[in-house]
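Once you've looked at the hints, dock chains B and U against the given chain W.
Chains as they are written, first to last, in UniProt numbering: chain W, 1 to 210; chain B, 1 to 646; chain U, 1 to 247.
Hints were generated in silico from the structure; no laboratory data involved.
Lysine to any residue pairs mimicking SDA-like chemistry, simulated, CA-CA at most 20 Å apart:
1) U/K11 - B/G220
2) B/K41 - B/A187
3) W/K76 - U/K16
4) U/K147 - B/G148
5) U/K11 - W/Y83
6) B/K372 - B/E319
7) B/K502 - U/G48
8) U/K16 - B/T219
9) B/K14 - B/R27
10) B/K382 - U/K147
11) B/K630 - B/S2
12) W/K88 - U/T81
13) U/K105 - W/H85
14) U/K242 - W/T175
15) U/K246 - U/E194
16) U/K147 - B/D151
17) W/K82 - U/G12
Residue strings, one per chain:
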Amino acid sequence: MAVTGVLLVLFLVVHMLGNLKIFVGAAAFDHYAHWLRDLGSPLLPHTWYLWIQRAVLTFAVVGHIWAATSLALRAKAARPVKYAHRAKVQGSYAARTMRWGGVIILLFVIYHILDLTTGNLNPVADKAHPYANVVADFAPGRWYVTLFYTLAILSIGFHLRHGIFSALRTLGQQTEKGQRRNRAIALGVAVVLCAGYLSVPFAVLTGLVS
Amino acid sequence: MSLYTEGEPIRDTKAPDGPIETRWERRRFSAKLVNPANKRKMTVIVVGTGLAGGSAAATLGELGYHVKSYCYQDSPRRAHSIAAQGGINAAKNYRNDGDSVYRLFYDTVKGGDFRARESNVHRLAEVSVNIIDQAVAQGVPFAREYGGLLDTRSFGGTQVSRTFYARGQTGQQLLLGAYQALERQIAAGNVEMNARHEMLELIIVDGRARGIVVRDLVTGEITTEFADAVVLASGGYGNVFFLSTNAKGCNVTATWRAHRKGALFANPCYTQIHPTCIPQSGDHQSKLTLMSESLRNDGRVWVPKRAEDCGKPAADIPEDDRDYYLERIYPAFGNLVPRDIASRAAKNVCDEGRGVGPGGLGVYLDFADAIKRLGRPAVEAKYGNLFEMYERITGEDPYQVPMRIYPAVHYTMGGLWVDYDLQSTIPGLFVIGEANFSDHGANRLGASALMQGLADGYFVLPNTIGDYLATGSFEKVDAGHPAAIEARQQVEGRIAKLLSIKGDRTVDSFHRELGHIMWEYCGMERTEAGLTKAIELIRNLRDEFWQRVRVLGDGEGLNQALERAGRVADFFELAELMCIDALHREESCGGHFRAESQTPDGEAQRDDERFSYVAAWEYAGTGEPPVLRKEDLNFEYVHPSQRSYK
Amino acid sequence: MNLTLRVWRQKGPQDKGRMVSYQVTDVSPDMSFLEMLDMLNERLTLEGEEPVAFDHDCREGICGACSMVINGTAHGPQKLTTTCQLHMRTFSDGDTIDIEPWRAKAFPVIKDLVVNRGAFDKIIQAGGFISAPTGSAPEAHSTPVPKADADEAFDAATCIACGACVAACPNGSGMLFTAAKITHLGLLPQGQPERDSRVVNMLAAHDEAGFGGCTNAGECTAVCPKGIPLTTIGRLNRDFIKASGKR
Chain W
1 MAVTGVLLVL FLVVHMLGNL KIFVGAAAFD HYAHWLRDLG SPLLPHTWYL
51 WIQRAVLTFA VVGHIWAATS LALRAKAARP VKYAHRAKVQ GSYAARTMRW
101 GGVIILLFVI YHILDLTTGN LNPVADKAHP YANVVADFAP GRWYVTLFYT
151 LAILSIGFHL RHGIFSALRT LGQQTEKGQR RNRAIALGVA VVLCAGYLSV
201 PFAVLTGLVS
Chain B
1 MSLYTEGEPI RDTKAPDGPI ETRWERRRFS AKLVNPANKR KMTVIVVGTG
51 LAGGSAAATL GELGYHVKSY CYQDSPRRAH SIAAQGGINA AKNYRNDGDS
101 VYRLFYDTVK GGDFRARESN VHRLAEVSVN IIDQAVAQGV PFAREYGGLL
151 DTRSFGGTQV SRTFYARGQT GQQLLLGAYQ ALERQIAAGN VEMNARHEML
201 ELIIVDGRAR GIVVRDLVTG EITTEFADAV VLASGGYGNV FFLSTNAKGC
251 NVTATWRAHR KGALFANPCY TQIHPTCIPQ SGDHQSKLTL MSESLRNDGR
301 VWVPKRAEDC GKPAADIPED DRDYYLERIY PAFGNLVPRD IASRAAKNVC
351 DEGRGVGPGG LGVYLDFADA IKRLGRPAVE AKYGNLFEMY ERITGEDPYQ
401 VPMRIYPAVH YTMGGLWVDY DLQSTIPGLF VIGEANFSDH GANRLGASAL
451 MQGLADGYFV LPNTIGDYLA TGSFEKVDAG HPAAIEARQQ VEGRIAKLLS
501 IKGDRTVDSF HRELGHIMWE YCGMERTEAG LTKAIELIRN LRDEFWQRVR
551 VLGDGEGLNQ ALERAGRVAD FFELAELMCI DALHREESCG GHFRAESQTP
601 DGEAQRDDER FSYVAAWEYA GTGEPPVLRK EDLNFEYVHP SQRSYK
Chain U
1 MNLTLRVWRQ KGPQDKGRMV SYQVTDVSPD MSFLEMLDML NERLTLEGEE
51 PVAFDHDCRE GICGACSMVI NGTAHGPQKL TTTCQLHMRT FSDGDTIDIE
101 PWRAKAFPVI KDLVVNRGAF DKIIQAGGFI SAPTGSAPEA HSTPVPKADA
151 DEAFDAATCI ACGACVAACP NGSGMLFTAA KITHLGLLPQ GQPERDSRVV
201 NMLAAHDEAG FGGCTNAGEC TAVCPKGIPL TTIGRLNRDF IKASGKR
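Chain W extracted, bound-state conformation (with noise of 0.2 Å):
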């Protein structure tokens, strides 16, 4: 759980600053994207780098969901009578939430690699300029694609904040101390995370990339 989710968060981070490119122009953004398909070349043929970064994130994706069913299942067997007054959450609800935000992220991802890896349900889908398919997305008129691409990053933020900390506690985190910083490392990851991948689609919604 733990293992694969580093390397998730990781990928989030550099998909972010991806992302961000977007403010500095549609050509500075397309070249990225057309970048990222050379990337390693000369010594990978073209777009074997991203093949790989997609298996890899293939194998951590399933990995996660392949440990968070197991972990589900082997509480459900723990727990085989339920309490008839539900329990009050005492702990973090960020933590109560981890296999409902779990699922909602990954039916998002499944939209979202439609929507702009594969063009698919993207109302452009011009493969050579990302630029456009995304201003196309979050156009105001499509309001409810951004309603449901904020409430999805936000059931990130809330999946990160829990995740990251528990990712440190399961790898051997173990001072009071260093339980405070973890807590604060994991909500400022979430935050920035959140403001970095809502930034876009609120900066076409405003008219500020278009």
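Positioned in the frame of chain W, the structure of chains B and U alone reads:
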């Protein structure tokens, strides 16, 4: 008919004489040993898993015996030793303050008001140092100094700092050490653990203790269990008072059943009343909670001078109208007088109508001066957890209003009579820890209970039991043996009887009433008239119990009311013996205060001429007066003197 | 105070069990929660209904026997407090209070509110000890222990094995209990020789007993009457990673 008859004196034949320093060593050498190959074939039953029983079962398992261990709790770790707060004494002399084995021996004999055996107490002081080593090796997290060495404090009025402690949870940490050693032996297959099992009868074959009858508290199944020797480590009987600092489940059944089968019961009237407990808040009270005696180091004890001020809030009573009675009566020791003296003084002022709080049963323990002198942060650092505990229970903030305290039954020094080997008068029946009578005389010093329990379990019993087992092996016994069948039928008959009465009063209502009688007439102060009356009241109430008690359900499966009913039935019988013992001992000593025997200024007056003996009582049959067997006490090293704390 | 109680009644391990309502009247705010149940039981006995079975013993918060989920919270609403130390002044007149046993596969119900917590003993048997047979101990002062380590070990050692951590955990995990013992013994020099085998064996016993896995949700430490910190689980994890690396 007289209340008791007198029989032949009894003598401890096992203790070596000669120089006291080498008695234990000589006894170990003279004791026969069991061949390691034979140990595996020997079974020992241990009842109880507190400090004494847990440490004994673990150690016997390590030695190679096959051990069967029983406790009524759901886990051996929950035995009531866990609640001991203060600490454990050991003559390590780490402070270089003049302590020694001999001084611990001396203090314990004197503290016991010269009613304990010198040989036993000296041995206890000797092995005290090994206990600390053992506990540290097991990972017991004792308090430490910044240099990494063990911290000690002075406790219970001693002048040397010999008490090792683990915050206010010393009993818990020591018990977990013994429990973990026990679990290790369970995993190794040397100890067979039976939690939620209660011993209800002893099985004697050819004059030897060979087994017990137990009830599985979960299934209700009654079985007979056999061994080559039986060890009782079932604790004290303070719950005869209903309200005490004991756990709710603490009971006398194991030792009482053994007593009925022939084991002598020694000094049952010696009861320790602890002065600093949280007072009762009403009739619903189910138990009392102790607060560490250390509070008396900084708190000042007082009551209003005039009874009419008792209803007022403490803050409205001016300094001049307060009676700091301990400081007034005992200027030298003040608030730090020993437990029995502080307890009785509190009772006296309450009897005068000057008690405070519900029912007028409480005195103030005031920290206002300490807070003024040391500042609130310093008081918080020292006593913060105790203040919190007090507030949780009473809902009052002791930083704002003085605490209320009142004495409560805490420990029982009496128990089954044992010789130097800790063997009772029934061959093969050993008794250790609070369940025996051996080391504390008429009064136990603070931080000595943990020491005695662990000394018996880790170091004494494992060395002495071999001398008995080496005389085996004994004839094989099984459930079909007539003695086993008879014991089992006795148990089944009693259970059937309790369930069949179907009366109109609950078990607790009887227990509560019995407790009232005991506290009133056999508590802090006892008189001839009171004790005589108590015996009559107890007998009547016991008859009523067997006519009117109501226990629902059946013997199959978990039935907590049935468990309690059996225990209370035994408490009735014990209560009567306690009163007879208290009545016959026409002197005051340690925890036993007879109003007829006091100095002109109201202090306990011993009568060494007539009472320098252990009163060991023999059961003579239902309805028959018990037989008193005296064991004379001789003091070769510590010469009896009158205690004085003025 | 007058209250409505809804109590889990279950005749035995095989019985299905259900919540049953009782009215209790004239409850004093000074009563402890268990004294309030004592009062109910006295009345039930006289009315001919079997009293409610519940585990309790020392009633001063240290033995770890009492074990009730009160209104969805293990040991009830007061922090750092066992059920036996909870007092009725925490509640108000007219309240409805739901009382249930610990719910976990590893803690099967025996009767009413009484569960079997033997699984905890099994975890200790697997390695929650330091092997030091009686008589083999060196002089206590031969190994100084830094005070900070001794204090932290003590904090972990205060666990009373009540099982509230399991009851509260959304995963039904016993990790806080296991970690507390690993931390206590792992911080002391005496505990080093068995440190690796201890964590591996205790975790195996934990999983074997049917407890769920830990997701660091933190519900356990929130209800723990002794305030065992979540950081102990980090120590367990670190010890486990180290021990696994050595195998």
